[in-house]
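Sequence order for the protein chains is A and B. Using this note's numbering, the letters of the first sequence map in sequence onto residues 755 to 855. Using this note's numbering, the letters of the second sequence map in sequence onto residues 12 to 173.
These aren't lab readings, by the way, just hints derived from the structure by calculation. Ideal placement from N, C-alpha and C gives every residue a C-beta, glycine not left out. A couple of the hints might just be wrong.
Computed from the model, here is a short list of chain B residues facing chain A with C-beta under 10 Å [said to hold, decoys possible]:
| id | residue |
| --- | --- |
| 1 | A13 |
| 2 | I119 |
| 3 | L142 |
| 4 | L149 |
| 5 | A166 |
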Amino acid sequence: MDNLNNYLFIAAILFSLGMFGVITRRNGIAVLMGVELILNAANINFVAFSRFGGMNFDGHIFALFVIVLAAAEAAVALAIVINIYNNLHSINVDDASSMSE
Amino acid sequence: MADLIFWFIAAFTILSAALVVLNNQLLYSAIALLFTLFGVAGLYIFLWADFVAGIQLLVYIGGINVLIIFGIMLTNKISSVRLSQTNVQQGVGGVVSIWFCLILFLTISKTSWFGEYSLEPTETVAAVGTLLLTKYLLPFEAISLLLLGALIGAAFLSREGN
């Protein structure tokens, strides 16, 4: 627990799992969950460097900004997903490939 | 003892994150995401970032995760039990992710990180607040405007009859 590498390893695993989710999921909301995992991995790195890398509280601030961005992104993405569902009656991301209805 | 708790939280986080991306039931994925976010909050506490951990609990678990569950409920017929979905391209996705993970592991373990350790802070909230209102005042205002815009946009997009 007093080693920077442990936190970076955990963040790397979380990032890879999130990437796997984004690649393989077909459901729009499940893709969104993968994105949340990726953002959390980045956040762990920021806070880990704030403790071990001499970044001090600047790392905390960056983590807070990332959390705010994630909130904005989730709100807009879910609004778009619900719109897609109303138009296409499916939130399969493969079905939503065309730009027109 | 602290080491034991740390490794427990790490394993808990990674296992529930694996459940998020591998589970067939969408709602179970959302619940597993909740546990992942809890685990990440625990890691923040180990990193002496208790304020960030609190915000993680409030915004991620109280806000984003509930929003995701709402999204699942609104885009599936709740009466039909089949909320399941299968993954596609598992082979390619798995190879790419594992390969990427191995590269990250190699890079992390081969790099000699600067050992600039911070001292354990007595409290973090005042320091974070001071930084937000001095050094990071402009980004703070900008991101508040961004959040306002995003929320108005989301409300506009999801309006009935748009």
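Now for the hints, and whether the structure bears them out:
Taken as an interface hint, A13/B checks out: its beta carbon lies about 6 Å from the nearest beta carbon of chain A, inside 10 Å. Taking 10 Å as the C-beta contact cut-off toward chain A, the hint placing I119/B at the interface holds, the least distance being around 5 Å. Here the hint on L142/B is kept, as its CB sits about 5 Å from the closest CB of chain A, short of 10 Å. Annotation: L149/B was flagged as interfacial toward chain A, and the flag is violated, the nearest CB pair being 12 Å apart, outside 10 Å.
Interface hint status for A166/B: upheld, as the beta-carbon distance to the closest one in chain A is roughly 8 Å, under 10 Å.
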